[in-house]
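Here the structure of chain A is known, so what remains is to put chain B in place on it, guided by the hints.
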Amino acid sequence: MSRAHAAAADGQAVDTQGMNYLTSLPRRVVTVWVPLTVFLIVLLFPFYWMAMTAFKPDGELLSRAANPFWIHSPTLAHVKHLLFDTSYPSWLWNTLLVSVVATFVSIVCSVLAAYAIERLRFRGSRYVGMAIFLAYLVPPSILFIPLAKMVTELHLFDTRLALILTYPTFLIPFCTWLLMGYFKSIPVELEECALIDGASRLQILMRIVLPLAVPGLISAGIFAFTLSWNEFIYALTFISSSEVKTVPVGVVTELVEGDIYHWGPLMAGALFGSLPVAILYSFFVEYYVSGLTGAVKE
Amino acid sequence: MAASTSRLLDSRNALGFAFMVPAGVLLLVFLSYPLGLGTWLGFTDAKIGRPGAWIGLENFEYLWGDSVTRLALFNTIFYTVVASIIKFGLGLWLALLLNKNLPFKSIVRAIVLLPFIVPTALSALAFWWIYDAQFSVISWALTRMGLIHQYIDFLGDPWNARFSTIAANVWRGVPFVAITLLAGLQTISPSYYEAASLDGATPWQQFRYVTLPLLTPIIAVVMTFSVLFTFTDFQLIYVLTRGGPLNATHLMATLSFQRAIPGGSLGEGAAIATAMVPFLLAAILVSYFGLQRRAWQQGGADK
Chain A
1 MSRAHAAAAD GQAVDTQGMN YLTSLPRRVV TVWVPLTVFL IVLLFPFYWM AMTAFKPDGE
61 LLSRAANPFW IHSPTLAHVK HLLFDTSYPS WLWNTLLVSV VATFVSIVCS VLAAYAIERL
121 RFRGSRYVGM AIFLAYLVPP SILFIPLAKM VTELHLFDTR LALILTYPTF LIPFCTWLLM
181 GYFKSIPVEL EECALIDGAS RLQILMRIVL PLAVPGLISA GIFAFTLSWN EFIYALTFIS
241 SSEVKTVPVG VVTELVEGDI YHWGPLMAGA LFGSLPVAIL YSFFVEYYVS GLTGAVKE
Chain B
299 MAASTSRLLD SRNALGFAFM VPAGVLLLVF LSYPLGLGTW LGFTDAKIGR PGAWIGLENF
359 EYLWGDSVTR LALFNTIFYT VVASIIKFGL GLWLALLLNK NLPFKSIVRA IVLLPFIVPT
419 ALSALAFWWI YDAQFSVISW ALTRMGLIHQ YIDFLGDPWN ARFSTIAANV WRGVPFVAIT
479 LLAGLQTISP SYYEAASLDG ATPWQQFRYV TLPLLTPIIA VVMTFSVLFT FTDFQLIYVL
539 TRGGPLNATH LMATLSFQRA IPGGSLGEGA AIATAMVPFL LAAILVSYFG LQRRAWQQGG
599 ADK
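Residue numbers (the numbering used here), protein chains in the order written: chain A, 1 to 298; chain B, 299 to 601.
Chain A with its partners taken away, still in its complex shape (with noise of 0.2 angstroms):
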């Protein structure tokens, strides 16, 4: 026995050394791609389940006994409860809104802000983009209360201007350290030619540097608007109307009734939430990633 095992062992140690390039294949199998898979099915596991719950009939939900991971028999029942019998449709009307909007100010903000910091070189602009840098550090979850008292006096609870003017709030500090790093790379060569022949800073912004920043101009917005399709504790806090609310919010504060759990609508629900941003990042993959590691590089 403790022969054969240190043949075994003996046999190992000769093929690591030397005829590496022979066990290369089966070993990447075991140390890459197993992992790599049992990484992917678990990311991807729980959109696997939203996606089955979704069309799954009541009847094979609440069964203990058939196969929960696959649809014997698939239903809309729960997608047209959704859209007939709630106010969904509106919340996904709300939140592309409040998105939309939220994203254009925060970029036009954040273009102006990013250039003069970057370009302008203002007194005291090395000042203004540390303070930006760190208004991005600082956590919505200890700013809800004083924004909520905020809305209620500026009467401005239970509308969505409340979440179109706080989202710029976490939007426009991240937009503007992106789009400054962009800028950086911009050469100045290009708008001193342009202030020689006479073209005044505007004119320079919205000719020279904005068409050559479109990359950062994309993933400045695609990360905006994700970050606002996906925002959840002031959307709770500042609304409370079922029709003036956004996805996120709707989905978990109403769509949860009393103590039966009606997972089917649930989970049709957080997948129609999900798929426009899955979508939309699936079109823009390289941008969204450049902005998120430029952001952290920086």
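Derived from the structure by calculation, the hints contain no laboratory data. Each hint should be verified, as a subset may be incorrect.
Pair by pair, the computed Cβ-Cβ distance ranges are [to be verified]: (1) B/I582 - A/S63: 44 to 50 angstroms; (2) B/F402 - A/F45: 15 to 21 angstroms; (3) A/R126 - B/F372: 39 to 45 angstroms; (4) A/S242 - B/A465: 27 to 33 angstroms; (5) B/V327 - A/M130: 45 to 51 angstroms; (6) A/I41 - B/A493: 34 to 40 angstroms; (7) A/V214 - B/Y331: 53 to 59 angstroms; (8) A/R126 - B/F402: 42 to 48 angstroms; (9) A/D197 - B/K403: 42 to 48 angstroms; (10) A/L154 - B/H447: 53 to 59 angstroms; (11) B/Y490 - A/L83: 55 to 61 angstroms.
Among chain A residues calculated to face chain B with C-beta under 10 angstroms, some are [unchecked claim]: (12) V128; (13) M150; (14) E191; (15) Y261; (16) W263; (17) Y281; (18) L292.
Since the model is a prediction, treat every value here as computed from it, not as a measurement. Ideal placement from N, C-alpha and C gives every residue a C-beta, glycine not left out.
Chain B alone, transformed into the frame defined by chain A:
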């Protein structure tokens, strides 16, 4: 317009100021002011619909003696430390796997980031269903495999609930850590590895003495963000447990919400939120400067 240098500089300052106005106004009104207001509220007995009076440290004294707040503080630290360590380990592993020359690299990377981009509240709902006490798919699978005989009460038992919420947080956070560390790995020049392997370094030694030191600066930044997001987490707990069972999963953020909004005690909620700030600063200082200093000691660049 730009006739003389001094006028150019003047206009730079004036124009710079003008360009900063929109962002500056929004941030000062809706970020700086509420930050100050929140701190001030923490020292008052404000209720919803009633402006509070200054009561000094009374809120903090009360909260210090409040067992629920102490539990929430413990939970927050436990949640942050455990989740951050697991996220770092798994994230680094996944980044190293993705850094191998794989086919379909960009598709795999796109899939990996998916949990990070969908709304947390909605993916948390999926976890709520996966953790259901009666119909959990995990319990179903484990029972079929004969590993357990009774369905697991994922969210009903204090320690189960703590680990279940940590697992959901890790699921959402690993992609962020992995993708940003992958970007860091890709900046490491292959020539270092060639040099190391010529010197006879084993793969482990290459990782330990080449990859890790060069990756430390970006690890510092990524983990600082990760700690920050985890410490102030709200959505996941709100959706999965609302702080229960027996306040076992209440974090500072969820407790602050519960006291301030449904409970109506704005002052008390604001005091809890304010109490997070020193911990937050400490967490940032430890993870940022702690790792940064190590990079510097090992001769890394000071970026």
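Against the structure, the hints come out as follows:
Checked against the hint of 44 to 50 angstroms, the C-beta distance between B/I582 and A/S63 comes to roughly 49 angstroms, which is consistent with it. Distance hint check for B/F402 and A/F45: the Cβ-Cβ separation is about 19 angstroms, which falls inside the suggested range of 15 to 21 angstroms. In this structure the supplied range 39 to 45 angstroms holds for A/R126 paired with B/F372, their Cβ-Cβ distance being about 40 angstroms. A beta carbon spacing of about 32 angstroms between A/S242 and B/A465 agrees with the range 27 to 33 angstroms that was offered as a hint.
The given range of 45 to 51 angstroms is broken by B/V327 and A/M130, whose C-beta atoms sit roughly 20 angstroms from each other. For A/I41 and B/A493, the hinted distance range of 34 to 40 angstroms is satisfied, since their beta carbons lie about 37 angstroms from each other. For A/V214 and B/Y331, the Cβ-Cβ distance of about 34 angstroms falls outside the hinted range of 53 to 59 angstroms, so the restraint is violated. For the pair A/R126 and B/F402, the supplied restraint of 42 to 48 angstroms holds, since their beta-carbon distance comes to about 43 angstroms.
Distance hint check: the CB atoms of A/D197 and B/K403 are about 45 angstroms apart, consistent with the given range 42 to 48 angstroms. One distance hint, 53 to 59 angstroms for the beta-carbon pair A/L154 and B/H447, holds here, with the actual separation near 58 angstroms. B/Y490 and A/L83 have their C-beta atoms about 57 angstroms apart, which keeps the hinted 55 to 61 angstroms range intact. A least Cβ separation of about 7 angstroms between A/V128 and chain B falls short of the 10 angstroms threshold, and the interface hint therefore holds.
Contact between A/M150 and chain B, as hinted, is supported at the beta carbon level, the nearest pair being about 6 angstroms apart and thus within 10 angstroms. Using the Cβ-Cβ criterion of 10 angstroms, the hint placing A/E191 at the interface with chain B is not satisfied: the shortest such distance is roughly 12 angstroms. About 8 angstroms separates the beta-carbon of A/Y261 from the nearest beta-carbon of chain B, less than 10 angstroms, and the hint is met. Annotation: A/W263 was flagged as interfacial toward chain B, and the flag holds, the nearest CB pair being 6 angstroms apart, inside 10 angstroms.
With a cut of 10 angstroms, the hint placing A/Y281 at the interface with chain B holds, because the nearest CB-to-CB distance is about 5 angstroms. Checking A/L292 against chain B by beta carbon gives a least distance of about 6 angstroms; that is within 10 angstroms, so the hint holds.
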